Amino acid sequence: MKILLVEDDRRLAQEIAQALREENFAVDIAANGEDGLHLGETESYDAAVLDLGLPKVPGVDVLRGWRKHGRHLPVLILTARDGWTDKVDGFKAGADDYLTKPFRIEELVMRLRALVRRASGHGAPRISCGPLSFETQTGVFELDGLPLKLTALEWRVLECLILRKDTVVERGLLSEKVYEGDTGTDSNSIEVIVARLRRKIGRTLIETERGRGYKLNSGAQ
Amino acid sequence: MISRNASLGQRLMIGAGVFIAAALVVAAVLIAFVLHRFVQGQIDQRLDAQILFLSSMLEVDGSGHLRLAGSADGPPFDLRRHGWYWQISGPNNVLRSRSLDGADLTHPDISGAPPPPPPPPRAEDDFLPRRRPAPADGPGPDGRTLHFRILTVSTPAGPATIVASSPREAVMGPLWEAMRTLALSLGVLGIALIGAMLIQIRLGLWPLERLRRAVAEVRSGLRDKVPEAQPSEVQPLADELNALLSQNAANLDRARKHVSNLAHGLKTPLATLAVSLQKQTASSEDLHDLVVLMDRRIRHHLGRARSAALGGPLRARTAIASRADDLALVLGKVNAHKEVAFVNDIPPGLAVACEPQDVDEMLGNVLENAFVWCRGRVALSSNEDGRSVILVVEDDGPGLSPQQMSLAMQAGRRLDERSPGFGFGLSITSELAELYAGSLTLNRSQLGGLRVELRLPGSA
Chain A
1 MKILLVEDDR
11 RLAQEIAQAL
21 REENFAVDIA
31 ANGEDGLHLG
41 ETESYDAAVL
51 DLGLPKVPGV
61 DVLRGWRKHG
71 RHLPVLILTA
81 RDGWTDKVDG
91 FKAGADDYLT
101 KPFRIEELVM
111 RLRALVRRAS
121 GHGAPRISCG
131 PLSFETQTGV
141 FELDGLPLKL
151 TALEWRVLEC
161 LILRKDTVVE
171 RGLLSEKVYE
181 GDTGTDSNSI
191 EVIVARLRRK
201 IGRTLIETER
211 GRGYKLNSGA
221 Q
Chain B
1 MISRNASLGQ
11 RLMIGAGVFI
21 AAALVVAAVL
31 IAFVLHRFVQ
41 GQIDQRLDAQ
51 ILFLSSMLEV
61 DGSGHLRLAG
71 SADGPPFDLR
81 RHGWYWQISG
91 PNNVLRSRSL
101 DGADLTHPDI
111 SGAPPPPPPP
121 PRAEDDFLPR
131 RRPAPADGPG
141 PDGRTLHFRI
151 LTVSTPAGPA
161 TIVASSPREA
171 VMGPLWEAMR
181 TLALSLGVLG
191 IALIGAMLIQ
201 IRLGLWPLER
211 LRRAVAEVRS
221 GLRDKVPEAQ
231 PSEVQPLADE
241 LNALLSQNAA
251 NLDRARKHVS
261 NLAHGLKTPL
271 ATLAVSLQKQ
281 TASSEDLHDL
291 VVLMDRRIRH
301 HLGRARSAAL
311 GGPLRARTAI
321 ASRADDLALV
331 LGKVNAHKEV
341 AFVNDIPPGL
351 AVACEPQDVD
361 EMLGNVLENA
371 FVWCRGRVAL
381 SSNEDGRSVI
391 LVVEDDGPGL
401 SPQQMSLAMQ
411 AGRRLDERSP
421 GFGFGLSITS
431 ELAELYAGSL
441 TLNRSQLGGL
451 RVELRLPGSA
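Residue numbers (my numbering), protein chains in the order written: chain A, 1 to 221; chain B, 1 to 460.
One thing to keep in mind: the hints can contain errors.
[Stated by the list, open to error] DSSO-like, lysine-lysine: derived pairs with alpha carbons at most 30 angstroms apart: (1) A:177 - B:333; (2) B:225 - A:101; (3) A:177 - A:200; (4) B:257 - B:267; (5) A:92 - B:267; (6) A:92 - A:177; (7) A:92 - B:333; (8) A:56 - B:333; (9) A:165 - B:333.
These aren't lab readings, by the way, just hints derived from the structure by calculation. Nothing here was measured: the structure is a model prediction, and the numbers come from that model.
Produce the complete structure using the sequences and hints provided.
Dropping the structure here:
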């Protein structure tokens, strides 16, 4: 799961990014509205966390810009503006959720997970795929009822696949969702991660679609 | 033209200056006219007297020639070629003044009318004129412009025309002399009037200058309001100024109170936080509660400080129905994890006399409360009570006990108040409503949960 964090306070941005990474999220940070607008329009994210009081381009304009360019990623507004009029303006610009500062990082994580789950069309918080299940609210994978221990990269790949279970996820999209903006992406390493995942959850669950990508197959066993 | 922001002194000066100049010019013209008539009248009287004198001395000799019974060349008709002439033209001969020195006195034809018909025969000496001589102007024998008086009389020999003339300077000379003096005195009068006007403007505008000084003294802290005893024209301005000053003072007072409340409200949890951090015994949960508490206090006091109602009476008008729909959109998304059926029963035209932001704040808090605590239904409806509008928000949640209700309305929340939503927003809403002379009341709803009645001033 990859998040775009648009926040101009460096310290707060680092704190949030670190907390999200501890929850296995990949995080790109934009320190102003202009960068945020650009990244949101050009890169692929599962969700965005957007401050309203941003330098260069105000947060509400960034959000409108994304929506105008057909970017439908879920957006959570994170701001110190707690007036209802600001909230109404934010939601009218296309926000999906709103959190005011100060906030608890657990609440931010929970809301982001719920936003991403709903955006990928899953109503219930628990997603199952054969012996594998994913608790979206806690981010825990279970195999045959037992918690699965995964590295951050493994978790991101598996989460991306289970949210899109039974559909082919292209390798390019997968590496976009797994690697943060400034780390070099190498599609070979996706294969390495998938190989490691297969050792943990069994060989058949993840199918390779030659030349395209991977699919998490709920019918396999 | 006078520009809109020209000084009052300038306006008065230009106005009065134009008026004084016009009055002086009109006076000069009128006086010149009257003087001219007066001098002319004097001259005419003299010429007429001469004509009368001549006609009284007129005789006809046996051969039908006119002659005078005595000398008629008294001054000024004795001075040669000076413009003072007389001449009598009879049917058979012409008599001239000595001053004409033999020249012929031609005068303009006075009427173009035929000479009057010969009067019926009378006694021999009855030549005296019955009519006044007629005036005329024209060149004299020596080229200068003359003023004539002409009278035709009948004599036994036939009609005779008696003409007496004076030089034009006889009128214009004294006139110009009088006008010179007149112009001088009018000039002096004008200067005196302008001086008086300047003094009057200074005196008239003095109360404004005094008011300016009073305001400057207020600004520098020497006095707290402008003097109330003012000329009646300036009195309303002074009253308005004093009202503004006292309103400002009240606002400042309120703002100071808010800031000190805010400081007080933050210092206590900060102190606790500091102690907790020092001991390192507090759980992160406790620390977080302190942060939440400080945040609530900031929200509370900033919410009040931002409220437009603090600024005094307002003329705002905010329609309720559409704002409620906007707020429900927000709350629906924030509470996306549960299905909430929101019924908005507000008639489209209903409006309250409150600022839109304050309406958002009040209604938002109440609706949020309902969305958080409901099981699945939130209803918004309204009543009108005279000039007030009552907005009713109901939910089907657990509701509050009477004790919880009174607690929910208290501004300062206790530390162990951990439940989300209810309580905190309601106390802000209540205070905002009171700023608009409205109120917030809590009750049990027929839906099962809480019934919140928000009373606000209506707007027609």
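Evaluation of the provided hints:
For the hint linking residue 177 (chain A) to residue 333 (chain B), the alpha-carbon distance of about 25 angstroms falls within 30 angstroms, and the restraint holds. A threshold of 30 angstroms between alpha carbons decides the hint, and for residue 225 (chain B) with residue 101 (chain A) the separation of about 44 angstroms lies outside it, so the pair is violated. Of the supplied pair hints, the one linking residue 177 (chain A) and residue 200 (chain A) holds, its CA atoms being roughly 21 angstroms apart against a limit of 30 angstroms. Of the supplied pair hints, the one linking residue 257 (chain B) and residue 267 (chain B) holds, its CA atoms being roughly 15 angstroms apart against a limit of 30 angstroms.
With a C-alpha separation of about 37 angstroms, the suggested pairing of residue 92 (chain A) with residue 267 (chain B) is violated against the 30 angstroms cut-off. Straight-line distance between C-alpha atoms of residue 92 (chain A) and residue 177 (chain A) comes to about 28 angstroms, which keeps the hinted pair within the 30 angstroms bound. Our distance criterion of 30 angstroms between C-alpha atoms is met by residue 92 (chain A) and residue 333 (chain B), whose separation comes to about 11 angstroms. Straight-line distance between C-alpha atoms of residue 56 (chain A) and residue 333 (chain B) comes to about 28 angstroms, which keeps the hinted pair within the 30 angstroms bound.
Proposed proximity of residue 165 (chain A) and residue 333 (chain B) is supported: the alpha carbons are some 26 angstroms apart, at most 30 angstroms.
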